[in-house]
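Undergrad: Produce the entire structure from the sequences given, and follow the hints as far as they go.
The primary structure of each chain is shown beneath.
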Amino acid sequence: MAENNSVSKNKSAEERESISAQRSSRGSGGLIAIVIAAVIAVAGIALWIYQLSDGLVNTNMRNLSSWGLYLIMFMLFVGLSAGGLIISSVPRVFGVKGFGGIGKVATWVSICCTALAVAFVVVDLGGPQRLWELVAFANMSSPLMWDIIVLSVYLIISVVYLWATMRFENGTGSSTALRILSVFALISAVMVHTVTAWIFGLQIAREFWYTALLGPWFVSSALLSGLALILIVVVVLRKAGYLELEESNIRRMAVLLGVFTAVDLYFFGCDLLTSGFPGGSGAEVVALLTTGVLAPYFWVEVIAGVVTMVIAFTPSLRNPGPIVIAAALSIVAILCKRIQLMIGGFQIPNMDLPGVTTGPELTGGGQAFADVAAALVYFPSPLEFGVTIGVVSLGAFMLLLGLRMLPLKPKEQE
Amino acid sequence: MRLGMVIDTRRCFGCQTCAVACKSANNLPNNNWWNRVLTEGGENMDCPAGDYEKGYSLTFLPTSCQHCDNPACTRACPVGATSKREDGVVFQDYDKCIGCRMCVAACPYNGVRIFNWEEPEYYLDFALGDKDIPAHQKHVVEKCTFCAHRLAQGKTPACMVLCPARARFWGDLDDPESEVSKLINKRKYKQLLTDRGTNPSVYYLV
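Residue numbers (my numbering), protein chains in the order written: chain A, 1 to 414; chain B, 1 to 206.
I should point out that these hints are in silico values taken from the structure, not numbers from a laboratory. Incorrect hints may appear among the rest.
Label pairs and their calculated CB-CB ranges [claimed, not checked]:
#1 A:Y210 x B:S83: 22 to 32 Å
#2 B:V206 x A:Y210: 41 to 51 Å
#3 A:A373 x B:F91: 30 to 40 Å
#4 A:D54 x B:K182: 45 to 55 Å
#5 B:Y56 x A:L64: 23 to 33 Å
#6 A:D54 x B:F91: 25 to 35 Å
#7 B:S83 x A:P315: 52 to 62 Å
#8 A:A375 x B:F91: 32 to 42 Å
#9 B:L124 x A:V160: 54 to 64 Å
#10 B:D130 x A:A375: 37 to 47 Å
#11 A:L273 x B:D174: 40 to 50 Å
#12 A:V159 x B:T9: 42 to 52 Å
#13 A:P354 x B:R10: 16 to 26 Å
#14 A:F277 x B:F91: 52 to 62 Å
Cross-link-like lysine to any residue pairs, in silico, SDA-like; alpha carbons within 20 Å at most [unchecked claim]:
#15 B:K131 x B:A148
#16 B:K84 x B:T74
#17 B:K138 x A:L52
#18 B:K138 x A:S53
#19 B:K138 x A:L125
Predicted model only: the values in this text are computed from it and were never measured. Ideal Cβ positions, reconstructed from N, Cα and C, are used throughout, including at glycine.
TA: In structure tokens form, the structure reads like this:
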């Protein structure tokens, strides 16, 4: 370790730059990945156009489960965008030690995730051609409207912040301006996660969603999944020779990952107790999660959280390999949480009066997929999986293109 | 003014005539029912609650948009496509709806808000209902509007007209002299899901 460090310190910055440039940026591997991502993204867009023309009937969403995979992914990607805030703006705002110059990469990952979150809302809409109405007829009492505003602000601030960081590193920007900007980036990031939670948490119609805890809980889940994504990206880029980073930074981030996991599970415990303690209908919610149809998603989340904490808090396990596993498990855990939240909101009807169902039947392919999880009120259709893979590929395309074209590599000056 | 409806569940015998009257007056697409007569306790439509030992009972709950005095949907809609009018009617504007289905998630009364998941199709080759109803659209949310087009002509909603049991009553809940106000003063009633604080303008006499 010590030898490696001293060797790398002896190399000049330019040398390092050129070596890693040879190894990655101009390499054909990256280019092939970009092309593959672009092709899948185009296929996804084609599927989306099909969904618009033939109808959302091709999804498995229906009147009693009116949101599905798209908004599950929306929640997930809003959370995943938190990485830039932890790695970059928080250290700068509070003047604490950063994580070795990976702030720009982290901010770019955040920008890509935010763009994907917006994309998932768009593919869920029945009338994307009417999006202009959000400006013309904005109803300011709608949490969805608030979220659209803060997401836009967050996206703009993130881009400006990235640009300002680059300027600062080139010696042309002021550090005060950058620090002020990082304060706004931090505030808008916290608001993005909270307001996204409010889309659900303010709905008194759904027992599963209606809790004041949902806002802070979304922030903790976002910190967890966002940091996990940055860890995976950084470890992979380090392995690929794109950037150099002292392993101590990765270890420090892993400890933080464990802390965020603990906070997230603590919130979960608080919420379960508050729901279950009075008995009544809240106990139904707890049973749905722990022993009911959502139990697989609940227990995967809990077990993934425990494994993450074991890896994060055991010094001998805290190596890049296990850390990447813990990070991947963290993202799986938050995905499970998002699935619980979405399906759980629809699974228990307020008025248990069967008799008349409205709306079209599931399509053939949709029914085949729904049969896989027949106990759930909703399971995505093939089309929904296709569009989702397409949108995620669009994000991968953005991410890889940015890594190749933008000057995101760490510089000496922090 | 707060237009509202009182439904006498002791009179309703589940004939579904109001559901069909609604379907026909509003030219509803296939599989869309703005007004559904639900069966309390039973597994299926017209299926009684109870068992052989304790005996059976058959009670019906005609359910449509509750036109809440404090609606959850209008607050949630990002573009104001659903809004509460001066007369208390919760209205739905198809031309504004962006199809986000936030209102469906926000409404506690499962199933009253209906999204057109595909291009509306009809069993008949010709349009039913009144000529001044707005055309149904793909990918927008629709629901009972208390037959806003009939109200504009000074008529009552279509479901009121044909009820063979005369179980439905219509009027201004703000007017103490109206038939509906008198009924809910005199008789025992319930509103649906009062714990959600929405204060529905549809009352059920029990």
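Undergrad: Honestly, do A:A375 and B:F91 meet the 32 to 42 Å range at C-beta?
TA: holds (38 Å)
Undergrad: Are A:L273 and B:D174 spaced within 40 to 50 Å by their CB atoms?
TA: The hinted range 40 to 50 Å holds for A:L273 and B:D174, with Cβ atoms some 44 Å apart.
Undergrad: B:V206 and A:Y210, beta-carbon distance inside 41 to 51 Å?
TA: Roughly 27 Å apart at Cβ, these two residues miss the hinted range, so it is violated.
Undergrad: Below or equal to 20 Å on CA atoms is what counts here, so check B:K131 against B:A148.
TA: holds (13 Å)
Undergrad: Taking only the CA atoms, is the gap from B:K84 to B:T74 under or equal to 20 Å?
TA: Since the Cα atoms of B:K84 and B:T74 sit roughly 7 Å apart, the hinted pair holds (cutoff 20 Å).
Undergrad: Sort out whether A:L52 lies within 20 Å of B:K138, counting only the CA atoms.
TA: holds (10 Å)
Undergrad: If you check the beta carbons of A:A373 and B:F91, does the distance land in 30 to 40 Å?
TA: About 37 Å separates the Cβ atoms of A:A373 and B:F91, which means 30 to 40 Å holds.
Undergrad: A range of 16 to 26 Å was offered for this pair. Does it hold for the Cβ distance of A:P354 and B:R10?
TA: holds (22 Å)
Undergrad: Holds or violated: B:K138 with A:L125, Cα cutoff 20 Å?
TA: holds (12 Å)
Undergrad: Given the hint that B:K138 pairs with A:S53, test it: the Cα-Cα distance must not exceed 20 Å.
TA: holds (10 Å)
Undergrad: Measuring from beta carbon to beta carbon, are A:D54 and B:F91 in 25 to 35 Å?
TA: The hint (25 to 35 Å, Cβ to Cβ) holds, given that A:D54 and B:F91 are roughly 29 Å apart.
Undergrad: For the hint 54 to 64 Å, verify it against the beta carbon of B:L124 and that of A:V160.
TA: holds (58 Å)
When each numbered hint is compared with the structure, violations occur for hints 2, 12 and 14.
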